[in-house]
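Take a look at the letters that make up each chain.
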Amino acid sequence: MANLDNKTLVNLYRKMALIRNFEEVMVNVYWEGKTPVFDIAAGTVPGEMHLAAGQEAAAVGVCTHLRDEDTVTGPHRAHHIALAKGVDIKKMTAEIFGKETGLGHGKGGHMHLFDSEKKFGCSGIIGAGLPVACGAALAAKKLGKDWVAVSFFGDGTANQGSFHESLNLAALWKLPVIFVCEDNAYAISVPKAKSTAIDNNADRAASYGIPGIEVRENDVLAIYEAAGEAIARARRGEGPSLLEVKVDRYLGHFQGDPELYRDKNEVGRLRENDPIKKLGESLEQQGILSSSEREAINNAVAQEVAEAIEFARQSPYPKPEDALKHVFV
Amino acid sequence: MANLDNKTLVNLYRKMALIRNFEEVMVNVYWEGKTPVFDIAAGTVPGEMHLAAGQEAAAVGVCTHLRDEDTVTGPHRAHHIALAKGVDIKKMTAEIFGKETGLGHGKGGHMHLFDSEKKFGCSGIIGAGLPVACGAALAAKKLGKDWVAVSFFGDGTANQGSFHESLNLAALWKLPVIFVCEDNAYAISVPKAKSTAIDNNADRAASYGIPGIEVRENDVLAIYEAAGEAIARARRGEGPSLLEVKVDRYLGHFQGDPELYRDKNEVGRLRENDPIKKLGESLEQQGILSSSEREAINNAVAQEVAEAIEFARQSPYPKPEDALKHVFV
Amino acid sequence: MTATQTERLLTTHKAIAEGIAQEMERDSRVFVMGEDVGVYGGIFGGTADLFTQFGAERVMDTPISETAFIGAATGAALEGLRPVVELMFVDFFGVCMDQIYNHMAKNIYMSGGTLKIPVVLTTAYGGGYSDAAQHSQVLYGLFAHIPGLKIVVPSNAYDAKGLMISAIRDDNPVMYFMHKGVMGLGWMTPLPEAITHVPEESYTIPFGKAAIKRSGEQVTIVTLGIMVHRAMAAAKQLEQEGISAEVIDLRTLVPLDDATIIESVKKTHRLLIVDEDYLSFGMSGEICARVVENALDYLDAPIKRLAVPDVPIPYSRPLEQFVLPNAEKIAAAARSLVQL
Amino acid sequence: MTATQTERLLTTHKAIAEGIAQEMERDSRVFVMGEDVGVYGGIFGGTADLFTQFGAERVMDTPISETAFIGAATGAALEGLRPVVELMFVDFFGVCMDQIYNHMAKNIYMSGGTLKIPVVLTTAYGGGYSDAAQHSQVLYGLFAHIPGLKIVVPSNAYDAKGLMISAIRDDNPVMYFMHKGVMGLGWMTPLPEAITHVPEESYTIPFGKAAIKRSGEQVTIVTLGIMVHRAMAAAKQLEQEGISAEVIDLRTLVPLDDATIIESVKKTHRLLIVDEDYLSFGMSGEICARVVENALDYLDAPIKRLAVPDVPIPYSRPLEQFVLPNAEKIAAAARSLVQL
Ligand SMILES: Cc1ncc(C[n+]2csc(CCOP(=O)(O)OP(=O)(O)O)c2C)c(N)n1
Ligand SMILES: Cc1ncc(C[n+]2csc(CCOP(=O)(O)OP(=O)(O)O)c2C)c(N)n1
Ligand SMILES: [Mg+2]
Ligand SMILES: [Mg+2]
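Chains as they are written, first to last, in my numbering: chain S, 27 to 355; chain U, 27 to 355; chain B, 284 to 623; chain F, 284 to 623.
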């Protein structure tokens, strides 16, 4: 960790704080218009809502290494990854609100955020981002660039066929891809041990002869370090890596999840080890970030989020008949 | 090998010889009506024809351990496996001929042989047999039986998503399945090294925490031994195993394959290590099978094959309008 | 509808779960598997409480490995078990379609009728709640196109239970489509019409028998699933305008009850097909063709189709509402037909 | 057809490979991947000799991992490359459908038109040579049902090249169906009609323009792919009987050239749809619906459909021949229509 300069450290903190604030605000926004009677179709933001509070370290630890030219694919739970990759928060929020000013003019929604400038995309289908990332990496290779592609997915996804096919293809063709498994211990209600025959998905890298790195703590610095090596390796043309990082899912699988499948106190325990708090405190202790500076960052990101929400709120909906546009370009 | 009695040894030889003869005769039958101008739609047996000469040791080495109650699923190349599992050679041949007396009354054909008594089935889709075998094993477990399920597939298939999903499921649920990868070094024209990121698929067992056994010689006794352990383990309720066995593909991927992708002399070299010849000679040397006894076996299996072919030839075709039957039972 | 003493009302998802539970009690070969079907009770409640009643051995949560566990359902069925297996959203079929259509659907035929494959493949479908392009699809027409699957699409609780019991007792693969809006979930927009009297005892509903939900004289509206309720609302509206519409609930797409449709068209001379699926190359075209083949001369107006206009389901509410059929659009289409 | 000096004849598979090669020369972003597309040249010859011309970097053999490499085609296309990717038989779509229909087909729409996905997905289809239920299917109707894919189905060498070049230049995903019997392979039943003059220079054929292969007065036969040749043979036979049939080759299913069909029906007043695909819930119903919606009053007889009668493709020759349309069955159906 010695080689991390203060600016980077503060940046890691700032990005995680931004994401956390975004996800927490989104909880409130999501429930607007859904009380007293919950109706998934109602409210400011209808549909499913998968939030990533507790998983910021993975997105930020990895994406801080990336450039605009690098491609990232994400899964259904992807706000944190999009923000970490630099997707415009206003356009993203507007998309989540279904507005004309959104990334996809309201057509995509929260599971389908596409930003061709920042080279980010995500999908609601388990495992679907891995092959697409292989393709981006293949393109980088064919174009003679040192760009990499990163695919994020959950622990439950490591049992989907596309995981295997993509890792084999990437290894075989030495593609510059980094596969990042965010282990939040659940696939909806199913705990990892009930879906996965082994403990650590990183061990599966051996099936493809590639490095497998397991980061067993929800710690942005540890993730940053591990990802840095994997990404540098990919840029050098030495092929893909598989990273599994431990994260925590503080909220339900989606908003409205009754969470009857886990202990009521589990999340409280998880939050004690919160990676943002941990980094903030550590930076304070090291004198890198004073408590008032930290406060200022927290306020600034809250402001940024509030502005994005306001932007989305004020934006118009697309014209209904625009639904017929854009099947083809 | 000490514990193999003579009867078993001779039986292994006999079964391999039967299969070899069948496949060689099938070459001739297939080309009937296809010369001087080859037309895949013409002749005694139309359609694709995937033969397994050189792969007998895998089927026989494994299936000799099995009972009627055990289920076997095979791939597109499955005559050898069906015969090793005890599927009736006449009904199977009649099916390959598209006759009413065939296993599926002519509806299935050579890639779709189903025998519910011998509990054998196969499919023309890569990787499709593995999940089905998991289901058979799940049923055995639910029914409290010590039956096992065996799924055969090729080396190229180990890169299909269903391989991964099935092995994980079987390992997770401790299902009595034995996954047998027949490594014949090719997937149609693509050599294993161009499709598979590691050398030995057995190493992939570690991704599921199950035993992985690699048999790197085309030798029925070695395969028999390895399979015996895996099957016994499954019967004891200790879960699945993955076996990769080296076999050789003497013929084209299918009949008519120009085989421009491999050295003209390759097959000649492979045949020098023929597992049937090897076992026959070894049994002679050990005095277990005299040369005349061996001859007699060879004649007997040839006779059996000839009778099956004759049965198929003489059998009537199904009535055309029966095509409309059996979509549902 | 069978008359019974009790007037117990049930939501569709509870009716489905009850149908499965009764079959599980009756037949030890029946078991359930799928993602989150256990403690969670199925994301759309189709397996609610089954885990508590029958335990983890008979109500099995699976990994996210649809190819493996749906293929395993076929394998288990071939051994004589009777799995009820869930594909959480029909939109996910693409990761496991081969097991469904090349194996579950074809093995019986390819075996010359020597195998039985008693699998019920349950799946949730439909939109209208902003779940976007990968979680709102319908797709029953796509499955109906493939020989070898029976396709069941209940519109209400009573039908749901009887069709489920029929499905479990069938020796062929049955795909059982559950519209999310019909299920009666606490977190979906309420649809009181789908909550019906459901007898406590076991009963079956035969496949291939459409229900005439409302008899009418001037126009026939054929549909199924949630659109039955939209069509009924439209018919009520039309009635106030003096237009008499007949509403047919197909209940199963395969087998398709052509006879009831054709008979109705012979009476009303006008046909509107309402489908929540994509318009082209699907259900609406097929029904149109069946009628044209059998009752062309009875038609006093072109057949009309109301369906999603060949676009993916957009996320944003105004966009989605624009593409989905609803009572107003149905009424308008029927009205314009009658005026022709 | 463009007139040129040379009268060079080419088989369809060579015309396809030539079209790809010319685009590869013209545009370095074009590359090919798939199973056995390299040294082997594609099982059905669609990539013949490309490996020799362009080498392993631009003509890439893949593992049997359709989800990974077809998904990778989408990923590469999003980066500006223009992959031509092969699914060896369309029957195999079930192992990779999610990448095709939920991603390749929908990402443009879900992005609000901000992405381009210039992928050509080639695939072989069709039966008639006893390849049985998992290697003989047609399925273009199923793909046409899903918004977001253009569907191309050439019937001959000339069209094949022009449509391929158009497909590669299109910024949208195009699924390119190659009937095995149309390809002109040495090991398939010969179909001389599919071998045509093919100009050496590059040319395009627009999508959504059907070809009237033969003008006629009494009945319109609409079809595509190999069935065009069967229909032409039937038309010749009918002519000898004094029946004048018009034959339309759709060439693309999406976009569908309704206008040409409808215009023809307005002239002939009778329509026969011929389809090698399963009958129900597919192409034949759709075309029927489009005509009924637009030209009902012009019909002097019910529309007839000739297609596979909703069974999997059986292996045995007499069974398969029983279910596939052919010239005799087409002639008989057209004859019966005209006699109505
Ligand atoms: C192919 C497919 N199957 C099932 C689902 C339904 N589903 C959505 S999220 C999810 C759980 C994913 O678990 P994991 O990969 O661990 O990600 P997490 O939700 O924990 O972030 C499931 C089963 C889906 N979207 N796609
Ligand atoms: C899903 C799918 N993809 C592709 C094919 C085409 N195909 C048939 S056999 C084969 C090669 C299989 O190789 P391997 O598994 O090694 O078996 P082998 O033929 O060598 O016995 C391929 C690609 C198929 N049948 N199914
Ligand atoms: Mg998870
Ligand atoms: Mg092989």
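Do not take every clue at face value.
Unchecked claim - Chain F side only, calculated, beta carbon under 8 Å to chain S, not exhaustive:
1. GLY358
2. LEU361
3. SER394
4. ASN455
5. ALA610
6. GLU611
7. ALA616
8. GLN622
Stated by the list, open to error - Quick look at which bits of chain S chain B covers, simulated, 3 or more residues with Cβ under 8 Å:
9. 82-94
10. 230-242
11. 279-292
12. 337-346
Rather than coming from a laboratory, the hints here were simulated on the basis of the structure. We put the CB at the ideal spot given by N, CA and C, even for glycine.
I'd like to know which numbered hints this structure contradicts. Please list them from smallest to largest. 5, 6, 7, 8, 9 and 10
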